[in-house]
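K.L.:
Throw the hints in and build the complete structure from the sequences for me.
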Amino acid sequence: MLSRGVHRNRARGSMPASQAHDQSMSTVAAGGTSFLAAAFSALRREPLLHFCLLGGLIFAADHLLQPPLQDNKTIVVSKNMRQSFINGFSEDGDRTPTQEQLNNIIDSWVASEILYREGKALGVDKGDDMIRDRIAFKLQVLLFDQVKLEKPTEEQLRGFFETVRNRFDVPEQVSFLLTPATDEASARRQLADIRAERETDEFRDQTRLFPGRPVGSLAPSFGDSFRDQLLGSQIGEWTVLQAKDGWHVARLDGRRAAVPVSYESVRDQVTRMWSTEETRKRAWAAVQKLKANYTVKVEN
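Numbering of the sequence shown is given in the UniProt record's numbering, commencing with residue 1 and proceeding in unit increments.
What the hints contain is simulated information worked out from the structure, not anything from laboratory work.
Heads up, a few of these hints could be off.
Stated by the list, open to error - Ranges between beta-carbon positions, derived for each pair:
hint, residue 1, residue 2, range
1, L290, K120, 58 to 66 Å
2, S233, L290, 37 to 45 Å
3, R158, K126, 27 to 35 Å
4, K148, V215, 40 to 48 Å
5, V296, A258, 39 to 47 Å
6, K148, R117, 35 to 43 Å
7, N166, E100, 58 to 66 Å
8, N300, A258, 28 to 36 Å
9, V141, P97, 25 to 33 Å
10, F144, V110, 30 to 38 Å
11, S233, D145, 37 to 45 Å
12, N104, M130, 23 to 31 Å
13, R198, E172, 28 to 36 Å
Claimed, not checked - Derived DSS-like pairs (lysine-lysine); straight-line CA-CA distance at most 30 Å:
hint, residue 1, residue 2
14, K291, K151
15, K120, K138
16, K148, K281
17, K297, K138
18, K297, K126
19, K281, K291
20, K281, K151
21, K151, K289
22, K151, K73
23, K120, K297
24, K120, K73
25, K126, K289
26, K281, K297
These numbers were taken from a predicted model, which means no experiment stands behind them.
The beta-carbon is built from N, C-alpha and C at its ideal position, and this holds for glycine as well.
P.N.:
Here it is as structure tokens:
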């Protein structure tokens, strides 16, 4: 019979120069951490103002780490930069580079700086979405890093949990068998064959089992009518149903009720999710405040 044969067919369920430059410049930034920390501390209670001043602070840090050049053909490896290379030589900081190793690091950085400047001079950065996106992403990371959140109260966490509990609750699920889509007349003939136990092996092989399918996913995949008729059918009973792609013969095999999750069992996850969402909101608010300084024109 079809019900014994279909279970074998289960449904499928639901260092280049530019990189060297980026890494080198990231290392350089580490040397200015103490300088930025004092400025950031003074603005800790006013994050939006902090974000507005962020550009100036970045410029100041860049000025400190690498003084303004007399011309574009002068490359200065400052003391702070040299020390940052030494500090970044090993991740745990338990060893320092030899003079030869330090010279190699400096040579590598200088080479990438030369290529970077020559590339900018040739305008290779113009109209390059990858470069634009990387710079925007770096500033985005800075915005996120400077958001300081106070510890949320239990009331805040519980309120947030209620708004996102659908991400934690186990949804109502159904398991069902489904034949390939066809026209209505053919589907009804197939139903008659199934009930008379005269379906072919090929037909059995083409019939799919959908195990543990969330009820919420039925309408988007098959349509509202299909979902309602399937949920209204008896378990173990074959019936003809219309879906988005045509007519099917279907059999509801099982149904499992939704299981709500308690707040206590997922509190740590909720806390992390709240922190991520709140950080995103505040960073986005900072971007919107910066946006007020711009005029945006969208051409048709």
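K.L.:
Return holds or violated for the Cβ distance of R198 and E172 against the range 28 to 36 Å.
P.N.:
About 35 Å separates the Cβ atoms of R198 and E172, which means 28 to 36 Å holds.
K.L.:
May I ask you to test the hint 25 to 33 Å on the CB atoms belonging to V141 and P97?
P.N.:
27 Å, holds
K.L.:
Given a hinted range of 37 to 45 Å, is it respected by the beta-carbon distance of S233 and L290?
P.N.:
Cβ of S233 to Cβ of L290: about 56 Å, so the range 37 to 45 Å is violated.
K.L.:
Is the straight-line distance between the alpha-carbon of K120 and that of K297 30 Å or less?
P.N.:
27 Å, holds
K.L.:
Is K151 within 30 Å of K73, Cα to Cα?
P.N.:
Distance ~50 Å between K151 and K73 Cα, so the pair is violated.
K.L.:
For K281 and K297, compute the direct alpha-carbon distance and say whether it is at most 30 Å.
P.N.:
25 Å, holds
K.L.:
With a cut-off of 30 Å on the C-alpha distance, tell me whether K281 and K291 pass.
P.N.:
15 Å, holds
K.L.:
Starting from K291, check that the Cα of K151 is at most 30 Å away, please.
P.N.:
Holds, because 29 Å separates the two Cα atoms, which is no more than 30 Å.
K.L.:
Is the straight-line distance between the alpha-carbon of K120 and that of K138 30 Å or less?
P.N.:
19 Å, holds
K.L.:
Is the hinted range of 40 to 48 Å satisfied by the C-beta distance from K148 to V215?
P.N.:
42 Å, holds
K.L.:
Regarding the pair K281 and K151, is the alpha-carbon distance no greater than 30 Å?
P.N.:
Holds, because 16 Å separates the two Cα atoms, which is no more than 30 Å.
K.L.:
Straight-line Cα separation of K297 and K126 no greater than 30 Å?
P.N.:
Holds. K297 to K126 sits at ~20 Å (cutoff 30 Å).
Consistency with the previously given hints fails for numbers 1, 2, 3, 8, 11, 22, ordered from lowest to highest.
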